[in-house]
Amino acid sequence: MANEIAVKNFYQQSTNKHTGILSWLLTKDHKRIGLMYMMAIMSFFVVGMIIGLLMRLELIAPGRTIMNAQTYNTLFTLHGVIMIFLFIIPGLPAIFGNFFLPIQIGAADVAFPRLNLLSWYIYMIGATLVIVSLFLPGGPIDTGWTFYIPYSIRSTTNVSMALFAAFVLGFSSILTGINFITTVHRLRAPGMGFFKMPLFVWATYATAWIQIIATPVIAITILLVIIERAFGVGIFDPALGGDPILFQHMFWIYSHPAVYIMILPAMGVVSEIIPTFSRRTIFGYKQIAYSSLAIAFIGYLVWAHHMFSSGMSDTARWIFSLLTFIVALPSGVKIFNWVATMYKGSIDPQPPFLWVMNFIFLFSIGGLTGLVLGSLATDIHLTDTYFVVAHFHYVMFGGTGTIFFAALHYWFPKMFGRMYNMKFARIAVVLYFIGFNMLYFPKFIMGYMGMPRRYYDYLPQFTPYQRISTIGSWILVGTIFFIFGYLIHALRKGKKATSNPWGGVTMEWHIPSPPPLENFKTIPTVTHEPYDFSQLKEMKNE
Amino acid sequence: MSGNNKHHISYGTYIIVWLALLAFTSLTVTIAGVNLGRYTLFIALSIAAIKSALVINIFMHIKFDEPIFKVFLGISGSTLFIIFLLTFFDYIYR
Amino acid sequence: MSDHQEAAVHQLHRDDAGARMGMWLFLFTEVLLFGGMFLVYAVYRYQYPDQFHLAARELNTTLGTLNTIILLTSSLTVALSIAALQNGNKFLSLILLSATLLFALTFMVIKYFEWTTKIAHGIYPGSPELLTKPNGQILFFGLYYVMTGLHGLHVLVGMVVISFMIVFIARDKVTPDNYVKLENSGLYWHLVDLIWIFLFPLFYLIQ
Ligand code: HEM
Ligand SMILES: [Cu+2]
Chain X
68 MANEIAVKNF
78 YQQSTNKHTG
88 ILSWLLTKDH
98 KRIGLMYMMA
108 IMSFFVVGMI
118 IGLLMRLELI
128 APGRTIMNAQ
138 TYNTLFTLHG
148 VIMIFLFIIP
158 GLPAIFGNFF
168 LPIQIGAADV
178 AFPRLNLLSW
188 YIYMIGATLV
198 IVSLFLPGGP
208 IDTGWTFYIP
218 YSIRSTTNVS
228 MALFAAFVLG
238 FSSILTGINF
248 ITTVHRLRAP
258 GMGFFKMPLF
268 VWATYATAWI
278 QIIATPVIAI
288 TILLVIIERA
298 FGVGIFDPAL
308 GGDPILFQHM
318 FWIYSHPAVY
328 IMILPAMGVV
338 SEIIPTFSRR
348 TIFGYKQIAY
358 SSLAIAFIGY
368 LVWAHHMFSS
378 GMSDTARWIF
388 SLLTFIVALP
398 SGVKIFNWVA
408 TMYKGSIDPQ
418 PPFLWVMNFI
428 FLFSIGGLTG
438 LVLGSLATDI
448 HLTDTYFVVA
458 HFHYVMFGGT
468 GTIFFAALHY
478 WFPKMFGRMY
488 NMKFARIAVV
498 LYFIGFNMLY
508 FPKFIMGYMG
518 MPRRYYDYLP
528 QFTPYQRIST
538 IGSWILVGTI
548 FFIFGYLIHA
558 LRKGKKATSN
568 PWGGVTMEWH
578 IPSPPPLENF
588 KTIPTVTHEP
598 YDFSQLKEMK
608 NE
Chain C
9 MSGNNKHHIS
19 YGTYIIVWLA
29 LLAFTSLTVT
39 IAGVNLGRYT
49 LFIALSIAAI
59 KSALVINIFM
69 HIKFDEPIFK
79 VFLGISGSTL
89 FIIFLLTFFD
99 YIYR
Chain V
2 MSDHQEAAVH
12 QLHRDDAGAR
22 MGMWLFLFTE
32 VLLFGGMFLV
42 YAVYRYQYPD
52 QFHLAARELN
62 TTLGTLNTII
72 LLTSSLTVAL
82 SIAALQNGNK
92 FLSLILLSAT
102 LLFALTFMVI
112 KYFEWTTKIA
122 HGIYPGSPEL
132 LTKPNGQILF
142 FGLYYVMTGL
152 HGLHVLVGMV
162 VISFMIVFIA
172 RDKVTPDNYV
182 KLENSGLYWH
192 LVDLIWIFLF
202 PLFYLIQ
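Residue numbers (my numbering), protein chains in the order written: chain X, 68 to 609; chain C, 9 to 102; chain V, 2 to 208.
Rather than coming from a laboratory, the hints here were simulated on the basis of the structure.
A hint or two may mislead.
[Unchecked claim] Distance condition first, Cα-Cα at most 30 Å in a straight line; then the derived BS3-like pairs of lysine-lysine:
#1 K91(V) <-> K71(C)
#2 K119(V) <-> K84(X)
#3 K134(V) <-> K119(V)
Based on the sequences and whatever the hints tell you, model everything.
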């Protein structure tokens with residue numbers, strides 16, 4: 068665009084009359100809100116990581132090393148709660164969804180900008196409650212992030228407060244979901260039919276549905292436990308006739324779909340990055356779009372695979388085992404489509420693309436070991452061992468966490484208008500890969516050998532594996548700080564980014580980097596298919 | 009003005025629906041007094057379902073609103089149904 | 002970029018259908034929230050059918066029926082008040098909304114007496130009296146208090162919302178051609194009614 072320089076970006080302009088910090092705290096602009104989420108979420112990620120490091124340090128040698136058993140209990144609980152509720156569930160939708168969903172459908176903002184800001188505040192309140200619960204008398208919660216009954220009723224730690232925090236965070240998640248669904252239905256630019264939407268939008272849309280439909284179930288479950296603790300009402304407590312397994316059902320009715328809240332947006336990001344760096348339209352656009360919805364739907368039918376050894380009925384056990392295998396199908400469809408897109412494309416291995424390669428490798432390991440756990444017979448052997456710990460770190464961290472970095476590297480130039488050091492970024496990919504596998508792969512082996520999860524101590528024969536794992540944690544965390552380092556450096560010193568540094572064709576690459584306050588000078592009319600790379604020539608001439 | 013609800017329902021329709029709701033209420037209370045064994049629950053819930061259909065369609069205008077809302081309603085309704093169904097696979101066969 | 006443009010873009014263009022869509026989505030979350038409780042109810046009723054029958058005998062069907070009628074009528078008055086506003090009859094709309102508020106209040110008063118009588122009989126969560134009863138009955142009364150209590154909380158929220166609407170209409174913030182706020186409040190109120198439509202037979206009518 069010729070007059071690009073004349074356009075003030077959203078850092079220079081605000082939706083309100085304030086300047087400085089208030090112009091952020093009172094903003095209704097989806098981009099600023101996205102960045103505010105980014106600040107908060109990354110801070111909690113760092114906290115969670117440091118707790119992870121401490122746990123790994125404890126496990127460097129058998130016996131008590133740096134902490135006692137109770138401290139370890141509270142640490143893994145906190146680590147789980149922070150990573151799940153504060154980092155990985157809101158991570159992609161709240162940061163990148165907020166920033167890019169409206170832009171990618173050609174809208175000026177989300178449907179309810181004020182509600183969007185409110186969601187951020189509710190998130191912050193929830194996060195504050197988590198932190199406050201640590202310091203109140205009673206002490207930090209030690210139930211594990213799953214809050215299983217009856218221990219969560221009996222524990223004298225601040226369970227109610229932490230549960231309430233999760234309730235509040237859920238509320239934030241619901242409001243974001245409502246906002247995104249309405250935005251997609253009501254604010255698409257002229258010409259932007261449902262099947263012209265970028266796949267990240269599709270994925271975020273499907274995710275928003277899960278947020279709306281699943282979160283209330285955990286909300287009420289949590290509320291019931293709080294009420295039970297406060298008033299001694301009989302609901303789940305077996306001493307009063309309640310059924311602890313019912314709690315597990317209700318917990319997983321949310322928490323299994325929640326893993327799709329985590330992974331679907333990540334798959335959406337992959338579907339953006341692969342075409343851009345293969346210069347080729349995505350293979351099987353509609354299949355990928357539909358498979359997002361299919362995953363969202365089938366994701367509902369499998370929750371009790373977390374409960375094979377809980378004492379539920381045999382019929383339920385084989386039904387849920389069967390259903391679990393079905394959910395692998397739509398994920399498989401996506402993987403095949405991604406690979407088919409790359410086939411005969413002209414691949415440009417820039418850092419975002421390399422991150423995606425990292426993802427495909429790590430997520431495949433996570434997904435395949437998921438099948439091992441999903442089949443009834445093997446799960447009975449492996450449940451509650453390190454095998455499970457390894458599996459969920461591979462899917463959540465190796466899957467969504469890796470894509471978090473991919474998205475960061477892909478959209479960084481657009482969000483901040485600067486480029487980072489490409490060489491550093493390539494090195495980081497490799498180090499991350501090494502650190503990650505050193506940290507978590509030994510856990511598969513230990514789990515297979517019978518090392519149970521949630522223990523601060525272990526038998527001597529596990530020592531070599533535990534040590535490799537701990538060293539891996541140093542490499543991984545070091546790499547992540549390295550990434551933060553060069554990105555923060557790039558914020559100030561990086562080369563100025565052009566409006567389209569990667570040669571992408573979705574809407575965000577049509578506008579300046581960073582985007583102007585109103586995103587588009589006039590609401591655009593969409594004529595091209597979402598991944599039609601023949602537009603690139605026109606875009607250069609714009 | 010975009011999307012203002014164009015369809016106006018008359019006072020009369022609302023009152024008729026209300027009378028129907030009251031009639032169903034007395035019906036369900038009466039039936040509850042009769043011993044129908046295992047059908048009691050089924051009948052009570054069916055009547056509740058009819059009543060809620062009336063409220064949703066007329067009082068809440070879903071019949072006259074954007075068609076997509078009905079799809080949404082279907083999604084949340086079937087989700088609820090699935091949750092019940094699958095949970096009971098555990099309890100019925102225990 | 003001119004200031005004019007900044008104002009133009011971020012000036013929320015009004016989208017009533019969008020606002021209603023947001024409200025419906027919110028209502029679905031409420032439905033699923035209560036749905037979770039109904040699931041708990043269903044499981045325990047399935048496990049303790051006889052105890053549930055015995056325990057339900059202690060509830061006052063007459064008061065339950067009365068409250069059902071009151072709530073249904075309040076739903077009617079909300080619906081009518083929207084129709085009145087659509088027809089440009091601000092005064093009638095205000096009257097009908099006030100009636101709704103009055104019905105809601107009556108509902109809560111009756112609920113209050115129902116609860117206090119139960120409590121006076123020593124039936125409340127954790128009471129020594131209740132703990133002597135079999136497990137199924139403890140669960141029944143636990144659910145009774147929690148479910149009607151949470152429903153009551155929704156009634157209270159609804160009352161606050163309707164009070165705001167009364168003020169908005171009086172001050173012409175909600176008008177015959179911009180009344181989506183009132184519509185959404187009405188939707189919320191109907192939902193409160195809907196939930197009661199199911200609570201009523203499940204607690205009061207299982208003799
Ligand atoms: C530097 C990164 C990380 C390290 C060193 C780390 C390490 C650990 C360790 C040692 C445990 C305890 C295993 C046990 O004793 O049972 C654990 C548990 C867990 N981690 Fe991580 N982790 C990291 C990142 C993450 C991320 C990114 C996520 C989520 C996205 C995550 C989610 C969890 C969860 C949910 C648990 C289970 C907590 C529980 O048992 O209640 N972790 N992690
Ligand atoms: Cu699962």
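A quick look at each hint next to the structure:
no., hint, in the structure
1, K91(V) <-> K71(C), "holds (25 Å)"
2, K119(V) <-> K84(X), "violated (56 Å)"
3, K134(V) <-> K119(V), "holds (15 Å)"
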